[in-house]
Amino acid sequence: ISQLLIVTSDRNYFYTVGERNQFYIDGGIFLMNLLYALHYYKIGACPAHWGMNAETDKRIMKLIKMNESEKVICLVPIGIPSNNFKVTLSLRRSKEEILRKV
Numbered sequence: 031i032s033q034l035l036i037v038t039s040d041r042n043y044f045y046t047v048g049e050r051n052q053f054y055i056d057g058g059i060f061l062m063n064l065l066y067a068l069h070y071y072k073i074g075a076c077p078a079h080w081g082m083n084a085e086t087d088k089r090i091m092k093l094i095k096m097n098e099s100e101k102v103i104c105l106v107p108i109g110i111p112s113n114n115f116k117v118t119l120s121l122r123r124s125k126e127e128i129l130r131k132v
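For the sequence shown, counting from 1, position 10 maps to 40 in our numbering; every step adds exactly one.
Simulated from the structure, these hints should not be mistaken for lab results.
Note that the coordinates shown come from a computational prediction; the quantities given were computed from them, not determined experimentally.
Cβ coordinates follow ideal geometry from the N, Cα and C atoms, glycine included.
Each hint should be verified, as a subset may be incorrect.
What the hints assert, rightly or not - Okay, the calculated beta carbon distance ranges per label pair:
id, residue 1, residue 2, range
1, G109, V47, 20 to 26 Å
2, F44, H79, 18 to 24 Å
3, E85, Y54, 40 to 46 Å
4, R130, D87, 33 to 39 Å
5, Q52, M82, 33 to 39 Å
6, Y70, E49, 19 to 25 Å
7, K116, Q52, 35 to 41 Å
Said to hold, decoys possible - Once the Cα atoms are required to be at most 25 Å apart in a straight line, the calculated SDA-like pairs of lysine to any residue come out as:
id, residue 1, residue 2
8, K88, D40
9, K116, L129
10, K72, D40
11, K88, K72
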C-alpha cells in the first residue's frame, strides 16, 4: 500500500430530511466505479467502510482539513499488487438464492 484515498460526500448538496442518507448511496455508487477504474488500471484497492462515531469523525476532519459539511464514506488503501498474492475465498450464491420473480 502506497497511498490512501478518502472518499467523502458533501452534505450541502442534499436539502430535505428525505435525503438524509442519500450521500451514502451516491458515495457508494461513486466508490463502486472508482474501484472498477482502479482495477482496470491494475491498481490494487481494499475499501474499508467508515462506520465511526462522531468523535472519530471530528478527528479525521481535523487531520485532513475537511469542511464540516463533508462526511467520510470510505477509506481505500491503494497500491500496485505483487505478482503473487493470496485472496480470500468468496463463493458466489446461486441465482435461485438471490433472484425471485414477482
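The hints, checked one at a time:
no.	hint	in the structure
1	G109 x V47: 20 to 26 Å	violated (40 Å)
2	F44 x H79: 18 to 24 Å	holds (20 Å)
3	E85 x Y54: 40 to 46 Å	violated (20 Å)
4	R130 x D87: 33 to 39 Å	holds (38 Å)
5	Q52 x M82: 33 to 39 Å	violated (20 Å)
6	Y70 x E49: 19 to 25 Å	violated (31 Å)
7	K116 x Q52: 35 to 41 Å	holds (37 Å)
8	K88 x D40	holds (15 Å)
9	K116 x L129	violated (30 Å)
10	K72 x D40	violated (29 Å)
11	K88 x K72	violated (33 Å)
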